[in-house]
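These protein sequence lines are chains B and Y, in that order.
For the first sequence, the working numbering begins at 1 and goes up steadily by one.
For the second sequence, the working numbering begins at 1 and goes up steadily by one.
What the hints contain is simulated information worked out from the structure, not anything from laboratory work.
Please read all numbers here as calculations on a predicted model, not as lab measurements.
Careful, some of the hints might be misleading.
[Claimed, not checked] Calculated pairs, DMTMM-like style, for lysine to aspartate or glutamate (alpha carbon to alpha carbon, straight line, at most 20 Å):
| no. | chain 1 | residue 1 | chain 2 | residue 2 |
| --- | --- | --- | --- | --- |
| 1 | B | Lys48 | Y | Asp149 |
| 2 | B | Lys39 | Y | Asp38 |
| 3 | B | Lys48 | Y | Glu138 |
| 4 | B | Lys49 | Y | Asp205 |
[Unchecked claim] Examples of chain B residues lying across from chain Y (beta carbon under 7 Å, computed):
| no. | residue |
| --- | --- |
| 5 | Asp23 |
| 6 | Ala24 |
| 7 | Gly186 |
| 8 | Glu188 |
| 9 | Tyr197 |
| 10 | Val201 |
| 11 | Leu207 |
Glycine included, C-beta positions come from ideal geometry on N, C-alpha and C.
Chain residues, written in single-letter form:
Number of protein chains: 2
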Amino acid sequence: MQAKGFVRTIEIDRPSLSDNTADAGRLEQSLKKELCADKISIPLHILKKLPSNLRSWNFKAKAVLFKTQSSWIVLELLDTLLDISVLGAAIDIGSTRIVISLIDLETGQEIGEQGFDNPQAVIGPDILTRIHYSNHDEGLAELNRLVIDAVNWNMSKLCKEHGVQTKDIYLVTAAGNTAMTHLFLGIESFEIIKEPYIPCVNIPDTLAADSLNLDINQNGVAFLFPNIGSYFGGDLIAGILFSNLDQKEDICLMVDVGTNAEIVVGSRDFLIACAGAAGPALEGGVSKMGMTAKPGVIDKVWIDPETNDLKIHTIDGKKPIGICGSGMIDLAAGLFLSKRIDIRGKFSKAICKEQLFEQDGIMSFTLVDENQSATGEPICLSQVDLNSLTSSKAAMFTILEVIVCNTAGLTFKDLHKFYVAGTFGSFINPGSAISIGMLPDIPLDTFEVLGNSSLGGAKVLLTNPDAFERVVEIRKSITYIELNVNQEFMNMFSGAKFYPHTDISRFPSLQNKIEADKRLLNIG
Amino acid sequence: MQAKGFVRTIEIDRPSLSDNTADAGRLEQSLKKELCADKISIPLHILKKLPSNLRSWNFKAKAVLFKTQSSWIVLELLDTLLDISVLGAAIDIGSTRIVISLIDLETGQEIGEQGFDNPQAVIGPDILTRIHYSNHDEGLAELNRLVIDAVNWNMSKLCKEHGVQTKDIYLVTAAGNTAMTHLFLGIESFEIIKEPYIPCVNIPDTLAADSLNLDINQNGVAFLFPNIGSYFGGDLIAGILFSNLDQKEDICLMVDVGTNAEIVVGSRDFLIACAGAAGPALEGGVSKMGMTAKPGVIDKVWIDPETNDLKIHTIDGKKPIGICGSGMIDLAAGLFLSKRIDIRGKFSKAICKEQLFEQDGIMSFTLVDENQSATGEPICLSQVDLNSLTSSKAAMFTILEVIVCNTAGLTFKDLHKFYVAGTFGSFINPGSAISIGMLPDIPLDTFEVLGNSSLGGAKVLLTNPDAFERVVEIRKSITYIELNVNQEFMNMFSGAKFYPHTDISRFPSLQNKIEADKRLLNIG
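Just chain B, same shape as in the assembly (with noise of 0.2 Å):
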């Protein structure tokens, strides 16, 4: 039960001939000093019938407020006595998947979550080709019309489920990377994929839910949390909030491992950010390797100490089909530390043995044999796909390297908080990303799962007045680095591409087992 949200009981002070202050003026009056306010913005709706309700209701009410930029708006004022829900509904606007999580604004308490996959993906799975779409002809109404309804549909099954109504909802807080923001205010999203890069809009105003086409109440507003860049959006900012990033005394760093890598480190001293898509190097992403995660995927591989094995771990224990993302970390973990493949990421025909086979003059490893599979055919990791898992595995420790140590100026041995954020992050193991050179080998206690950490941020805008300061706040005060992919990067880059790393006092926790292999290979 929260003390102080979004929604207040205030008492007005009454009229008398010795105060003739106006109505206005006097619920504004009530409200500065609940608030701790400057500005108070009362709308037309409300000034209407606000005489006859002030003294109907005995000049108490309870007021339904959001904080925009320059004041507090007042977006509904109620009879105390009625007993009716005042709702919130917070928004993870991701490409491939919207979560909505619907809120008491009284109580700040969660009623339910809906998560359903973006309808836009109809017209492409990524956001380029959603963009080149946009661009056409009535593509952009197209696109903002599929999420909009889709938003809404959504909202109101949430609703029926929970015994609620969405006029009920008054405020949405929405949080997405930047193409996807545009998309869903329906405005022009071209620009942000061709040379140099410019979003239309980095800090989206406080808009009317109406202006947006969101069947919530009439009078409701929506907040699309601000981007820094076309590559740096609003969903990294709500991961800040989550995080508190902003707020920490020690200096801690959050990674969302997506398409891109994006991240922040800083504290409440200072906050730095990067964006990996600036790279070639990240081309294709982290977050492709493998499939998406279903029943039958494998999500976890391991070696068994015994016989030197590998052991794999699939969703809901069905037969293997394929393996996802974090399943190929562990993969990549479990076959460099059972040394079937070396430093520089090579398969070893010595420790493979049969496991390993050539086709088309392409090395393969099998994973899964056809017998042990659900499709009948064998899981095998080719060379190719091990090569492309080492070029993200690299670009992303370069990143983390550059903006940590070349531009922070820190050690990994500084950072007090390892925040991994996304949904793809949920899955990674740190200690099998540190084997493999991914990330930095700190203690695995430093390693922090968020979550959905975009939603997570929406809610607490939701909740907490004194978030919306934090917003504007974090927006205005991190350096964005553009990541310069030069030659001092590339040189970073080669060495990160061995396993786990060229420079091996790096990773001391693996040190004594990369010595022996250098010996082995006459390297560094």
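Given the coordinates of chain B, work out where chain Y should sit on it, guided by the hints.
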């Protein structure tokens, strides 16, 4: 041709890899520089097509702007190559008559003006009747619809006559008294006329024209001048703006002689205001004397210096049908200066002779006999009519004295200018008003007629962006004095009921004359 209005042609910096500010941020920067402003608000409808518009317009645009309480708002962004009018409408929302002035916002020039009767008169001629009506069933909605429909119809007519379109009107500024402002906004007004006389709102925000059902550009806005309280409305704030009272080095006074007398005295250093409606002495009002000005109405009366007869002038030189308020003041002055009434305002049989007659015990003075009247009836002034005028003129003088002398601690001689606002005031002959002791005995060239200062102020706000800040400042800085009708007021009022006053030293220009009369009547 004004240099800097609400329409500005701006150039926007082009984006580059080294400056990837969002398009909205880029537009904001340009406007901040152009306007020397802190905060610019760019609404969604402009953002939606901003990227392609900026690029196809070669990063040049014509911005239509307005200043709101907290920021500048971009109402529209236009291609500089398009030849489109950008218009504003200033409205004086009088309870009797409404006047619309159509302004070209680019040049600041008036395109045309249209006056029409306030159609709310079908509900009732006076504000009290209308507000009572607004309190029943759909009364408020009907009164609101009447005024808005009439404004829309007349704006459209005005536009057609001048070959422009209502959709090119982006800005409406309107000034009216507190009740008219509430009815224009469709806000409950009943508490305005009920003790303790509480308006719903004194400072309406800038509103979407759409939310007021004004048929202008769909993204246009409307600004209603703020009120001080129930009896000091936006029309007077507009008047102060128009007269520049708030910027005067020397102390000036503005009086709006309407149903009430509203007075402001001050300079750039202070503003003190009061309104006559607080005192029962003003009941009936100064302007209610006589009939509305129209052809045949006596608007001027003077003494023939040779014959000492009273001469009349009628509007359009038609045969007389009655007398209007300004004619009444002239008549009273003529009666007094010709000694037909004494200093107590009583008819003198000795001087009036056969022009005076008695009916039902009440003396009446025949100004025009039945042969010269257009109606076949004589035009007379009864002692009852005269007493009513005496009360009104005494109330006006007392209020002036209370605010100028008792409250501001000045003398009338300190007034650099005495502005007379309002339609009724425009026709008053200051010499006559001084002669009867209605206005103070100060040099005639001190008086200046402002005309429709409410419309004038609304026009200033349309054409001069600096005016907005002045309106806010005027609203904030006015000290509003409740007219306290106590024993002291009643004593002053009693003295002011004489012609011109019991204390003749206050009217030095009439002193000789009065001394003679006093001796005659043994007063003083």
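Do the hints match the structure? See the list:
Between B/Lys48 and Y/Asp149 the CA atoms are separated by roughly 19 Å; this keeps the pair inside 20 Å, and the hint holds. Restraint check for B/Lys39 and Y/Asp38: satisfied, since their Cα atoms lie roughly 17 Å apart, inside the 20 Å limit. Straight-line distance between C-alpha atoms of B/Lys48 and Y/Glu138 comes to about 13 Å, which keeps the hinted pair within the 20 Å bound. For the hint pairing B/Lys49 with Y/Asp205, the CA-to-CA distance comes to about 16 Å; that is within 20 Å, so the pair holds.
Hint status for B/Asp23 relative to chain Y: holds, with the closest Cβ pair at about 5 Å, below 7 Å. Taking 7 Å as the C-beta contact cut-off toward chain Y, the hint placing B/Ala24 at the interface holds, the least distance being around 4 Å. Because the closest C-beta pair between B/Gly186 and chain Y is about 6 Å apart, less than 7 Å, the hint holds. Interface hint status for B/Glu188: upheld, as the beta-carbon distance to the closest one in chain Y is roughly 4 Å, under 7 Å.
Here the hint on B/Tyr197 is kept, as its CB sits about 6 Å from the closest CB of chain Y, short of 7 Å. Because the beta carbon of B/Val201 sits about 4 Å from the nearest beta carbon in chain Y, less than 7 Å, this interface hint is met. Restraint check, B/Leu207 versus chain Y: the minimum CB separation of about 6 Å is within 7 Å; hint holds.
When each numbered hint is compared with the structure, no violation occurs for any of them.
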